[in-house]
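First residue of the sequence shown? That's 1 in this note's numbering, and the numbers climb one at a time after it.
Worth flagging that the hints you see were computed from the coordinates, not collected in a lab. Among these hints, one or two may not hold up.
With beta-carbon atoms standing in for the labels, derived distance ranges [what the hints assert, rightly or not]:
#  : residue 1 : residue 2 : range
1  : Val119    : Ala316    : 20 to 30 Å
2  : Leu60     : Pro141    : 42 to 52 Å
3  : Tyr287    : Gly171    : 40 to 50 Å
4  : Leu238    : Arg79     : 55 to 65 Å
5  : Met142    : Met302    : 21 to 31 Å
6  : Tyr78     : Val236    : 50 to 60 Å
7  : Thr301    : Ser70     : 16 to 26 Å
8  : Arg135    : Arg183    : 28 to 38 Å
9  : Arg135    : Ala266    : 34 to 44 Å
10 : Ser70     : Ala207    : 25 to 35 Å
Just so it is clear, the structure is predicted and the values come from calculations on it, not from any experiment. Note that the Cβ used here is the ideal one computed from N, Cα and C, for glycine as well.
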Amino acid sequence: MLAGSSAESGAPILPQDSRSGIRGHQSVGACLIGIVDRNLHILFPLPALCLVVGLMVYPLVYTLLLSTRSYDLSLKSYRFIGLTHYLATLTNQRFWDAFGRTFYFTALSVAGSIVLGMVMALILNRDFRGARWARTAFLLPMVATPVATSLVWMMMFNPTLGVLNYLLQLGGLPPSLWVADPRLAIPSIVLVDVWHFAPFAMLILLAGLRSLPPEPFESAMIDGASRWQIFWRITVPLLQPVLVVVLMFRTIDALKVFDLIWVITAGGPGFGSETLYVYAYNQAFKYLDIGYGSAVIVVFTMIVAGASVMWIRARARTWA
């Protein structure tokens, strides 16, 4: 009766093996769907992860290959020379001079950014009329691009037509050569870098100040502590994790500064403002020594990576 009913209703009668195959396909599909559902946290970011790894790994590996070769651009040929370029950096005085200038620039820039950013954060942490407009005004340097900022400051640094020397003369001070003096080139560029990136430090420090508990400050005021004592003994210790984060970001950024230096001085006068980044660029694209320039940039990358690991470990200890 059942078979007859199926035939009379017009429904197709499938063989037993066909029904088993359909059930098998359904079970395989259900298994795949289950695997996808259980690993969505891996599958969703996987395309972006592959893209980021490709953009980071390929240039790094290619640069490593370039650093082990000596190129003859006229013949469009190269030969493998191993670690010769890396050994050449150890005996090159210009490399070590650029190495010293890099850390000199970084130390001045980071210290200036932290100090100025802390001052601005302490001012903006108070409620006063026009506080919102003041916060907006302090953040304006971050809006400008580094190249545009560099062009404006380059005109301001002009020894004869620049506005900075005009302001010095108004104050009764002698004019300065600014970036035209090899001794003042790095401090002058640091001034631009601090002006440009101190608002970034201020933004993070202000968020940290707003998150501090009020009880320790109230107790210190009741005990008669001065503002300076409250700042050094309460604010700074409580703000230490945030300070480490700012130091980490600013150190990495300052080590990698290239656009400000290149636009304002191009490493000059002479080699007075030539950092490792500028030195590597000159070697690879100005003197066309691509292999040696690649070796310098690999060494520079290792320095930045080492600084990053150091600050990441310091941040982990402060947040522990």
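Against the structure, the hints come out as follows:
no., hint, verdict
1, Val119 <-> Ala316: 20 to 30 Å, "28 Å, holds"
2, Leu60 <-> Pro141: 42 to 52 Å, "32 Å, violated"
3, Tyr287 <-> Gly171: 40 to 50 Å, "43 Å, holds"
4, Leu238 <-> Arg79: 55 to 65 Å, "59 Å, holds"
5, Met142 <-> Met302: 21 to 31 Å, "29 Å, holds"
6, Tyr78 <-> Val236: 50 to 60 Å, "54 Å, holds"
7, Thr301 <-> Ser70: 16 to 26 Å, "21 Å, holds"
8, Arg135 <-> Arg183: 28 to 38 Å, "37 Å, holds"
9, Arg135 <-> Ala266: 34 to 44 Å, "35 Å, holds"
10, Ser70 <-> Ala207: 25 to 35 Å, "51 Å, violated"
Checked against the numbered hints given earlier, this structure breaks hints 2 and 10; the rest are met.
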